[in-house]
Amino acid sequence: MRYLFLIIVVYLFSACKKCKTDDSNPELNYLSVKLQPFFGIDSLYLDSSYITSEGYRVKFTDIKCFFTDVNNNNNLLSDAVLYDFRETGNLLLEQEGVIEDFTNLRFVIGVDSLLNHSDPSAFPNDSPLNISNAGTMHWGWNPGYIFISIEGKVDTLATSSSTFDKNFSFHVGRDAFIGEKNLTNVNWQSINSNEHSLNLKLDMQLFLNGSTNSINLSNEFITHSSAGQDVLTNKVKENFIEAISL
Amino acid sequence: MRLFLHLLIVIILLFSCKKDKTVFEATPYILDIPSHFPSMIIPEDNPMTVEGVELGRYLFYEKKLSGDNTISCASCHSPSISFSDSNQFSVGIDGVYGTRQSMALVNLGWEDFYTWDGSKSSLEAQILEPVPNPIEMHQEWKDAVKKLNQDVLYRNRFFRAFGEEGIDSIKVSKAIAQFLRTLISSNSKYDVMYKYENGIPLNSSDQSIFQNIDNEEWAGYDLFKSLNGADCFHCHNGPLMRVKKFSNNGLDATFSDLGRGGVTGNVNDNGKFKVPTLRNIALTAPYMHDGRFNTLDEVIDHYSSGIHISPTIDPLIEFSSQGGVQLDNLEKELLKKFLLTLTDESFINNPNFMNPH
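Chains as they are written, first to last, in our numbering: chain A, 5 to 250; chain B, 20 to 376.
The shape of chain A in the complex, shown without the other chains (with noise of 0.2 Å):
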């Protein structure tokens, strides 16, 4: 019965002394962040059919984007994140962190020119980058990664029947084409009291419809960001940056 006690007071004085060291540092939350896409208002799924500015039937079959170097200044929150619509669905990334330390958040659209050239099979088995896990999103020709990878059917034909006739790709890659969006004051909501997650919006019509770019997919179908494409690689680059937002 002594010997019962004394084990209550020792897992006691242990438990204490824990709650006393987690005290000394900042709280840990767990983060996650969501990209959702939309066509205007509505949620867009892949596979659906949407219509676009000029009357044509499109379809996304795939949105496949690199995000690396996800930061506040100082504060890390990834090195590298592959989103896959088709696959993971709108989660970006789940970390831990402080909530505190990203209330503005800044990031890369692809993969900077070291990373970029780097052998793809050398990184870690859990890194987006290594080739296992870029799969389609490395080209080994290039060589580098697809930092942005869009591809589709549209219907252009416009008649009753629906006959998506033409295909779409843009692949965006080449270190030219690296990008990067600023986000300020960003709006963490709580799930509980160590669970935050933000959810951004990425609108596919403002990709096909930009403040200064617009993409008409009747004539504007392909690029893989070889030369002579850069007129159509930058416009996906920009229309796909302004596309996400708060």
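In short, the hints are calculated from the structure, not lab data. Wrong hints could be hidden among the right ones.
[Stated by the list, open to error] Taking lysine-lysine and the DSSO-like style, the derived pairs with C-alpha atoms no more than 27 Å apart in a straight line are: (1) K264(B) with K38(A); (2) K166(B) with K82(B); (3) K263(B) with K38(A); (4) K166(B) with K190(B); (5) K139(B) with K161(B).
All values derive from a computational prediction rather than experimental measurement.
Mind docking chain B on chain A? Use the hints.
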């Protein structure tokens, strides 16, 4: 006190004897991962051991796994042709043909899903399938295990591989999976071209291969990668020469085999099949999920001018509206020349992969 001491010594001796009798520590198998490949993720519940790999090799070539002892895994996955089948459809012990072409078994340790429709997500799970399949080996697992149990050599090999007595289907699949993970192909001309292109240092062996890559092979590679050439790289690139996806590559306008759609029930997946590796492609005819093309020339013709449009066609078949990429005869020859660089002679002649029986 003396009695207690004697008793203690007896217990210790008894315990140590028992331990010697029942415990066998298998030797960890160190996979030689090529320098330009990603590392392979091994399932935690099936660590590779020398004894496990060796047992898996025996089982891969073991005809007792079939109902009438006439076929083994190797019957439809022959090592001389990159562990593929030269028949359009493989035939089971009852003379019944399957409906899809047997896939080549190469670099499987990097795959996330298996078979043309990706219905199995682990190698171990896939290996459990052909034995009881009535159109393949057509034998209940309990009967296959019973046959293996009658062989003292197998009883010993299983004991050494798994450190415990007993044989069951799970252990059979684990051992074969261990063997299959050793089937790594990485010594083709293409590997040297890939390393060179990605700035990965070439060793002396690579250097000598590099010297033997001719201009036509390089030109074929350029075509392979070219957006306005053969445009193959979207689905076949990297050291594994494939991407992880299911794709409708324009074989048909309507589908007699739904492929991935048959697994997911999603109409948007209809007509899509796993993108296979192109490694050793010159050895693995016939081609496509239904083995419809007998030669590489036929395959090249398909992508050049035989594309059929359907609702789920891959957007990356970018010239589908023109029926394909429209290669001329010279381009077709160059492309074929490049495809031949993917042959890895050291893989198909590796003595560690051969029939041990």
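A quick look at each hint next to the structure:
In summary, the hint linking K264(B) to K38(A) is supported, as the alpha carbons are separated by about 24 Å, within the 27 Å threshold. A hinted pair counts as satisfied when its Cα atoms are at most 27 Å apart, and K166(B) with K82(B) qualifies at roughly 10 Å. Distance check on the hinted pair: K263(B) and K38(A) sit about 24 Å apart at the alpha-carbon level, within 27 Å; holds. A distance of roughly 14 Å separates the Cα atoms of K166(B) and K190(B); the hinted pair therefore holds under the 27 Å criterion.
The straight-line distance between the Cα atoms of K139(B) and K161(B) is roughly 22 Å, inside the 27 Å bound, and the hint therefore holds.
When the structure is compared with the earlier hints, no violation turns up for any of them.
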